[in-house]
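In order, the protein sequences belong to chains W and D. Taken in order, the first sequence gives residues 1 to 324; the numbers are from my numbering. Taken in order, the second sequence gives residues 1 to 420; the numbers are from my numbering.
These are computed hints drawn from the structure, not numbers from a lab. What you are looking at is a predicted structure, and each value in this text was computed from that prediction instead of being measured. Keep in mind that a hint or two might mislead.
Pair ranges (Cβ atoms, derived) [claimed, not checked]:
id, chain 1, residue 1, chain 2, residue 2, range
1, W, Glu-120, D, Ala-141, 51 to 61 Å
2, D, Gln-13, W, Gly-29, 35 to 45 Å
3, W, Gly-29, D, Asp-331, 42 to 52 Å
4, D, Leu-40, W, Gly-175, 23 to 33 Å
5, D, Gly-212, W, Val-24, 23 to 33 Å
6, W, Gln-132, D, Trp-12, 50 to 60 Å
Idealized CB from N, CA, C, for every residue including glycine.
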Amino acid sequence: MATGEFQAGVDTARDLAIEARGLVKRFDGTLAVDGVDIAVPEGAIYGVLGPNGAGKTTSLRMLLGIIDPDEGYRRVLGAENPQHVARLIGYLPEERGLYPSMKAYEAIGFMGALRGLPLEVGRERGKELMEQHGLGHAIDRQIRQLSKGMAQTVQLLGTLVHEPKLVVFDEPFSGLDAINQGKLEGLIRGLADKGTTVIFSTHVIAHAERLCENIAIIAGGKVPYAGSVEEARDRIPAQVRLETRRRDGVWRAALPAETRQVGDFFHFPLPESGIEPLLKALIEGEAGILSLSIERAGLHDAFVAIAGEAAARDMVSGTEGEKA
Amino acid sequence: MSARNPGRLSIWQAAYVIARRDFTAILLSRAFIFFLLGPLFPVIVMALAGGVGAQVQSEAISADVGIAMESRDVDAMLAARDEVRQLVGPALPNMVELERVAPGETFDASAYLENREGSLAAIVTGSPEAPVLTATAGRLARWQGMVALVAAHASQPGAQTYPAVSTATVETSGASENTGRLRTAQGGQLLLFLLIMLLASMVLSNLVEEKGNKIIEILAAAIPMDAVFLGKLFAMLGISVVGIAVWGATGFAVLTAGGVTLSDYANPGVGWPIFFLLFALYFGMGYLLLGAIFLAVGSLATTVREVQTLSMPATMFQIIVFFLASLAVTDRGGWPEYTAIAFPLSSPFAMVARAATEETLWPHLVALAWQALCVAVFVKAGASLFRKRVMKSGPRSARGSRSLLKLMGGMFRNRSTLAE
Chain W
1 MATGEFQAGV DTARDLAIEA RGLVKRFDGT LAVDGVDIAV PEGAIYGVLG PNGAGKTTSL
61 RMLLGIIDPD EGYRRVLGAE NPQHVARLIG YLPEERGLYP SMKAYEAIGF MGALRGLPLE
121 VGRERGKELM EQHGLGHAID RQIRQLSKGM AQTVQLLGTL VHEPKLVVFD EPFSGLDAIN
181 QGKLEGLIRG LADKGTTVIF STHVIAHAER LCENIAIIAG GKVPYAGSVE EARDRIPAQV
241 RLETRRRDGV WRAALPAETR QVGDFFHFPL PESGIEPLLK ALIEGEAGIL SLSIERAGLH
301 DAFVAIAGEA AARDMVSGTE GEKA
Chain D
1 MSARNPGRLS IWQAAYVIAR RDFTAILLSR AFIFFLLGPL FPVIVMALAG GVGAQVQSEA
61 ISADVGIAME SRDVDAMLAA RDEVRQLVGP ALPNMVELER VAPGETFDAS AYLENREGSL
121 AAIVTGSPEA PVLTATAGRL ARWQGMVALV AAHASQPGAQ TYPAVSTATV ETSGASENTG
181 RLRTAQGGQL LLFLLIMLLA SMVLSNLVEE KGNKIIEILA AAIPMDAVFL GKLFAMLGIS
241 VVGIAVWGAT GFAVLTAGGV TLSDYANPGV GWPIFFLLFA LYFGMGYLLL GAIFLAVGSL
301 ATTVREVQTL SMPATMFQII VFFLASLAVT DRGGWPEYTA IAFPLSSPFA MVARAATEET
361 LWPHLVALAW QALCVAVFVK AGASLFRKRV MKSGPRSARG SRSLLKLMGG MFRNRSTLAE
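Modelling step: build the complete structure from the supplied sequences, incorporating the hints.
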C-alpha cells in the first residue's frame with residue numbers, strides 16, 4: 001500500500017489503506033468539501049467525525065469513487081481510482097436499502113455478487129452469516145417481512161460477505177438500539193483484529209472514542225483536525241474541580257482567571273505551570289481543601305472545541321469575504 | 001478470496017449481475033403475468049366474439065381470390081362461398097368478385113395477376129362446372145381443393161362429387177411483388193414500433209425502485225454506473241424476448257388456425273429467414289437506443305408520479321420517430337429515407353422497411369454498426385448524466401442554469417435520497 005510523504009497525523013511507519021489529499025467538491029458552484037486530507041493506516045479503525053452537513057458523506061463518497069473530486073488526490077488500497085479495487089471494499093451507506101422482494105440470504109448474495117463473489121457462494125455465506133448473527137430463522141424471509149433492525153443487520157452482512165480488506169461505514173450506528181450498537185462495535189473490533197481496515201463516519205463521539213485510534217474531524221467541508229484520539233484530547237487542557245472549606249481568602253488570587261464557580265465547586269483549566277504551585281497557594285492560604293480532581297478532557301470536549309473553532313473561523317472568513 | 005482476485009468486475013460482468021437480478025425479479029413477479037396477458041387480451045376478446053376469422057382475413061389482404069365468370073356463375077360462386085364458409089370456417093380463402101364477363105368472353109387471369117397492382121393472390125375463371133384456378137404454384141396446391149368445393153356447391157348445392165379444377169401457374173409480377181413488399185415493410189415497421197413502444201416505455205420507471213429503496217448508492221459504490229444502465233436495459237430486453245416468444249407463439253397459433261401462412265405475403269427483399277433475423281436485430285437496437293434515453297430521463301425522476309408525467313412526452317417522441325421512418329417508406333431513395341436511416345432513433349424502423357423492399361445486405365451491416373455505436377454513446381451519456389445530476393449531495397446553487405439538461409436535473413434531483 002501507499003506510504004506517501006503526506007501523512008495526516010498518523011503513524012508514518014504503517015502502510016496506508018486510504019490516503020487523500022486536498023479533496024475538493026463543489027455542487028453547482030457551492031463548496032461542499034474544501035481540501036479534505038485523510039490518511040488511514042491499514043488495519044486501523046478510523047473515525048470521521050463531524051456535525052450534520054459537515055461534508056462527511058461527500059468525503060466518503062469521493063473516497064469510494066461514487067463521485068469524483070473536483071480537485072485533490074486520493075489513493076485507496078493502492079489505486080487512484082477506488083472503483084478499480086471495488087472487490088476489496090465493503091460499503092454501508094447511511095441510508096440503508098435493499099430490494100424488498102428479495103429473500104434475506106439472496107440479498108446478501110447479491111451484494112457479494114456486486115463485489116465479485118459468485119452468487120451461489122455469496123448466498124451460502126449469507127445463510128452462514130445469518131445463522132452466526134442469530135437470524136437463522138429469517139434466512140428465507142423476504143426483506144419486506146423483516147423488522148428494520150433485522151434488515152439493517154442483513155445489509156451489514158451483505159457489506160461484509162465478500163470479506164473486504166477495507167470497510168466503509170457511513171453513520172453505521174444510526175437507527176440501532178443500544179444493544180445492537182454494542183454488537184456493531186464488537187463486530188468492528190473483530191474486523192480490525194482480522195486486519196481489515198475500518199473507516200466510519202459518525203456524529204456520536206462516544207463510538208469513535210471507544211473504537212478509534214485515529215480520527216478526522218470535518219467541519220464546514222474542511223478537516224481542522226486529523227490525528228490520534230489522544231492528541232485530540234490533549235488539545236484541551238485538563239479540567240480542575242476544587243472544593244474548599246473556606247469560601248474566600250488570599251488563596252483566591254491563585255486561581256486562574258477562567259475559574260467558574262458552580263455550587264460549592266470551582267472549575268478551571270489546569271494551569272500550564274501545573275497543579276503544584278496552586279496547591280502550595282491553597283495550603284498556605286488555608287483554603288481548606290475538601291476535594292480536588294483533575295479530569296482529562298474527553299473526545300467530546302475536544303470535538304466541540306475543534307469543530308466550534310472551525311465554524312467560528314468559517315463565519316469570520318465568510319464575513320470578511322462578504323465585506324471584500 | 002478477495003486478495004486472490006483483486007480489482008473489480010468488468011462492465012459486462014457487472015451488467016450481468018444487474019441484469020440477472022432484474023430479469024429474475026420481473027419474471028417471478030405477479031405483475032409479469034399481466035405483462036404477458038396484456039397484448040393477448042384483445043386477441044382473446046376477438047376470439048370470444050367470433051371475430052378472429054374476420055381479423056385474420058383483413059390481415060391477410062393479399063390472400064383474396066378473385067372470381068371472373070359470367071354473371072350468374074359469379075352469383076352462384078359467391079353464394080356457395082358463404083355456404084362453404086359455414087362448413088370450413090376461416091380455412092376458406094376470401095373469394096371476391098373480380099369481373100362479370102359476357103357470355104363467350106374469356107378473362108386473361110395470368111395477365112391480370114402479372115400486370116395489375118391488385119391485392120389478389122389467385123383468380124378463378126371458367127365456370128362452376130369447369131373452374132380454372134390461376135395462381136402461383138404454392139397457392140394452387142393450397143387452394144385447389146377449396147375452389148373445387150365451392151364450385152361443386154355453386155353448380156349443385158349439396159353435391160357429392162367435385163369438378164376437376166384446371167390450373168394455370170403464374171410467376172408473381174414485379175408490380176404486385178413491390179406492393180406486397182411495401183405492405184411487409186409497413187407491417188414490419190408497425191410491429192417494431194408497437195413492440196419498442198411497449199417495452200421502452202417500461203424502462204422509464206426502471207431506476208425508481210433503486211432510488212426509492214436507497215439501493216442506488218450501493219450499486220454506484222460497487223460497479224460502474226454504465227453497468228447498471230446496461231444491466232437494466234438487457235434485463236428488459238430479456239423480458240421482452242420472453243414476452244415476444246409468448247406473444248409470437250400465440251399469434252402464430254391463431255394465424256395458423258386461421259389458415260394464414262407466410263406465402264400469403266410478398267417475399268421480403270432479403271427473404272423471410274434473413275428478414276426475421278434483421279427484424280430481431282433491429283428490434284434489439286431500436287429498444288436499446290430508445291431504452292437508453294428513457295432510462296436516463298426516467299432515472300432523474302424520483303417517484304412513480306414523475307415517471308407517469310414523463311410517459312406522455314416519451315410516447316409522443318416515439319410516435320414522431322415512427323412517422324419519420326414511415327415517411328421513408330413512401331419516399332424510397334429520397335432524402336427522407338436517408339435521413340431516417342442516418343438518425344439513430346429512426347434508423348432501425350427505416351432499415352426494417354429496407355429489408356422488406358431491397359435485396360442488398362451490406363447496408364444492414366453498416367446500419368447495425370452505426371446503431372451499436374449510438375447505443376454505446378447513449379448508454380455512456382445516460383450514465384454520466386445520472387452520475388452528474390443524481391449521485392451527488394449538497395445544496396443547490398442559487399444561480400439557476402439555463403441548459404435543458406440542468407433544468408431537467410434540477411427538476412428531478414433526488415435531494416432526499418442522496419443529500420447528506
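Hints versus structure:
no. : hint                              : result
1   : Glu-120/W / Ala-141/D: 51 to 61 Å : holds, 55 Å
2   : Gln-13/D / Gly-29/W: 35 to 45 Å   : holds, 37 Å
3   : Gly-29/W / Asp-331/D: 42 to 52 Å  : holds, 49 Å
4   : Leu-40/D / Gly-175/W: 23 to 33 Å  : violated, 46 Å
5   : Gly-212/D / Val-24/W: 23 to 33 Å  : holds, 31 Å
6   : Gln-132/W / Trp-12/D: 50 to 60 Å  : violated, 34 Å
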